[in-house]
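**Student:** Given the structure of chain H, go ahead and fit chain B onto it with the hints provided.
Spelled out from the first residue to the last, the chains are:
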Amino acid sequence: MDAKEKVLRCIQAKDGELTELCSKLIQIPSTTPAYGGNTSDIARFIKNYLEERGAQVETNEFDPHTISLRSSIRGTSSSPRLILYGHMDAVPVGEESRWSFPPFSGEVREGSILGRGAMDMKGGLASVITTYLAIQESNVQFEGTLTLAIAPDEEKWVPVEGGLGTQWWLLKTGTLEGDACIMAEPSGLRTIWVGEKGEYWIKVTATGTPAHATMPILGDNAIDKMMKALDAIRNISDEGVTPPQELTETVESSKAMLAESMAEQGFRGEPEIACKMLDHVVVNVGEIQGGTMTNIVPDKCIAKLTLVLPMGLHPEEAKTRVDDLLKKTGLSGVTFERFSGEMAGSPTFTQPSEKIVTVVKENAREILNTAPRTEIAIGPGDGNVYRRMGVPTINYGPTGTGVHSYDESVKVKDLIAAAKIYGGATVDFLRAN
Amino acid sequence: MQSYATSIARGLKQVDHESDALTRLCRDLIRYPTENPPGICTEVMMYIKDWLNDHGIHSRLYKKEKNKENLVSNLSRPTDQSLIFYGHADVVAAGDRKRWSFSPYSGKVTAGKILGRGATDMKGGLAALMFAFKTVAQLDLKLSKNLQLIVVPDEENFDPKKKLLYTMIDDGIASGMACIMGEPTSPQGIAVGDKGDLWLRMTAVGTPAHGSAPVMGDNAILRLNKSLDDLTKIEREGVPVPPELRSVVRLSKGMVRQYAAAAGYRDRAKLAEKLVTHTSVNVGTVHGGTMTNIVPESAQAEIALCLPPGEPARQALKHVKTLVGGNAGVKVTATFGMDPNWTRPNLPVVKALQFASRSVMNVTPKPFLSTGSSDAHAFRLRGIPTVWFGPGDISGAHSYDEYVRVKELVAFAKTYFQTAIRLCAS
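Chains as they are written, first to last, in our numbering: chain H, 1 to 433; chain B, 1 to 426.
Treat the hints with care, since some could be wrong.
[Stated by the list, open to error] Capping the alpha-carbon separation at 20 Å, the derived lysine to aspartate or glutamate pairs in EDC-like fashion look like this:
#: 1; chain 1: H; residue 1: K300; chain 2: B; residue 2: D401
#: 2; chain 1: B; residue 1: K226; chain 2: H; residue 2: D231
#: 3; chain 1: H; residue 1: K300; chain 2: B; residue 2: D229
#: 4; chain 1: H; residue 1: K327; chain 2: H; residue 2: E337
#: 5; chain 1: B; residue 1: K233; chain 2: H; residue 2: D231
#: 6; chain 1: H; residue 1: K228; chain 2: B; residue 2: D229
#: 7; chain 1: H; residue 1: K228; chain 2: B; residue 2: E235
#: 8; chain 1: B; residue 1: K108; chain 2: B; residue 2: D28
#: 9; chain 1: H; residue 1: K276; chain 2: B; residue 2: D218
#: 10; chain 1: H; residue 1: K300; chain 2: B; residue 2: D96
No wet-lab data here; the hints were simulated from the structure.
Chain H with its partners taken away, still in its complex shape (with noise of 0.2 Å):
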């Protein structure tokens, strides 16, 4: 039996038990620190889960919402490193109400595992652990090193000492390092993302001059004027962006993947919108407050935006336009400012061509008989800091719906999929034999 066969086994026969993982990490709440949670108890549960099966822990507290794990296995040699990658965070709950099942239920019906993060990501997370536990049971020689990293700030970084984000820091002392990284995010296991979107994040303000509501023409409304602004910024998507020349393939495949995936993820709009949306900046008008008396001018009003830049478009280069369209116009008093600038960032990208994206192809291609194709992610996340720090990265996992919305889910069978495909690659990556 080769070293793959090995690990497939082993993998398979973890059917079951990464099922119930998946479970049990979405019955822990775990909501962003950043967000007012905490992470402490699910890296509690998860640094237990591998050292109960022989696996040895690193944790770094950043503080004691925030706790990132890393364990290694040391091959023969001291390269390749590859690094298999989860977060442990989850998006809040949001409004209660709104979810058919409790949030964190865990429970597994028709297929699929319910609950706030079973997309994004603990069905993926699940999956990178049994993964990483099958390699070192089945006791397969290979070379270099392979870890296997779980964050605890991925939806929103954490500060952290020189920086912001747990990853960033991790990398940047050299605390973690690889050559290579897979990241068990939600991209469905058709598809592989190897770009990931650049993030602009504005604060707009608009400012406008107090008066009773009796005699508003003695005041300049600062909520009219945000209104006109937003929809004069939101227009900065009508204009295309055009990828860099490696990359052209890659988005135009995308487009037909992506509308397809929406469609199964309910969007019922044309199919040009969703295509639009990988050389399109696109526009999230997320927060708003003005005003403090209903017959009051308000004099002041406060939008936060989230601009999303396609491949190809700089931070920069988005700021020009949303200067341009806001001078258009003629609007006084509205000014905008990089807010949570750390969160900016340009897109990045891996190449096609890299050893981690064909790896992770081909075994695909083995466990799913398809291989899946090569597309740039919908969004920004913790693969923009790796690739930025120089470890190319793919983000590849288990699917399913209400990402960051009601009614979380996962797919089961994507779960042991996943596994299989990164136990597949992690072999191949690493020479094991």
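**Tutor:** Relative to the frame of chain H, chain B by itself:
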């Protein structure tokens, strides 16, 4: 017993002599930061009570809610033939202190101006009314009708259900043949009509999604934005003026235009005029969303509509619903409504004020329709003719760097005094 003419002359002279005391009174009133909300007025009411008492005038406090004392004082036995002087002691919030060039509650007096939140709306008017009231009291003069002073703590909160004033009128504690409110008008005009109010809460519900794929959700803020835009269509449609007010429309327009010009908005004259016969919309507050990178699932705005005579609140609400009722995920509810209300412009209280103003200030104020609403509603609802006439103009109210001129304060105190003698003597 002196003749009325002599009494009037003496009283007017006395106010002139005591202009420093009037200035101090206004300054003292401003120094109580009676911002509403919360509108804590106990201390200022105690001050007013003591001040009256120091001038030998008895008063009583009424309240149904803690810190919301209403003060009533009568110079003789109250009847339904009393003349009412009305003032309110609360002020709106000072807002962003950085945008004031002076401290809003210092009551500083400089270059003939008294500065501070409420100077215009309406501690200036209140001080002038109180001063006229005590001047009448100090005269050795038998008036055939009672003069009543009412000071309320809660004009700025708008909701009649919460105001003791309505009950006090129903119970006859506040009662009269006419009411003069010291709300700011400037000497140019007497406000005989109020616009009505319709306050709305507009709520938009969306579907959350990750901010990187907003098309997967429905953005509640954008839904709200669209509906707010639709709502403003109501501003374009004029409302026919009730016949008895037709004569004051033109003047009212001129008045509003003048306010706009005085406030530096000469270029908005046309918009200003429209306020008299059109509904106006103020989106006062908005909030929505919880996290920047999530498509917001709810957003809410609080909106104040001001309704011209001819557009009662119920009718306006129907109108609003036709404009935004069909919008997906958006709901509008009325949180407060008050019909437009008015007093006929040819009544004695208007004429007496015009006469007194002409003799004191050499200005004949013209009746006009205000663009706002006020406690006049309470009096008019019970058939008491009610007008506003007070120092300062509405353009300064609720804004930064509010002030009132000492000269105007004195002139108004004299005008109130003379009007009271004239209306209460006969």
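**Student:** Indicate, hint by hint, whether the structure satisfies it.
**Tutor:** Checked hints:
1. Restraint check: the Cα-Cα separation between K300(H) and D401(B) comes to about 17 Å, which is no more than 20 Å; the hinted pair holds.
2. Proposed proximity of K226(B) and D231(H) is supported: the alpha carbons are some 10 Å apart, at most 20 Å.
3. Using a Cα cut-off of 20 Å, the hinted pair K300(H) and D229(B) holds, with the two alpha carbons roughly 18 Å apart.
4. For the proposed pair K327(H) and E337(H), the alpha carbon gap of about 15 Å is at most 20 Å, so the pair holds.
5. At roughly 18 Å between alpha-carbon atoms, K233(B) and D231(H) fall within 20 Å of each other, so this suggested pair holds.
6. Between K228(H) and D229(B), the direct Cα distance comes to roughly 9 Å. Compliance with the 20 Å bound is thereby established for this hinted pair.
7. Restraint check for K228(H) and E235(B): satisfied, since their Cα atoms lie roughly 17 Å apart, inside the 20 Å limit.
8. Pair hint K108(B) plus D28(B) holds up; C-alpha atoms about 10 Å apart against a cutoff of 20 Å.
9. Restraint check: the Cα-Cα separation between K276(H) and D218(B) comes to about 17 Å, which is no more than 20 Å; the hinted pair holds.
10. This hinted pair checks out: K300(H) and D96(B) have alpha carbons roughly 10 Å apart, not beyond 20 Å.
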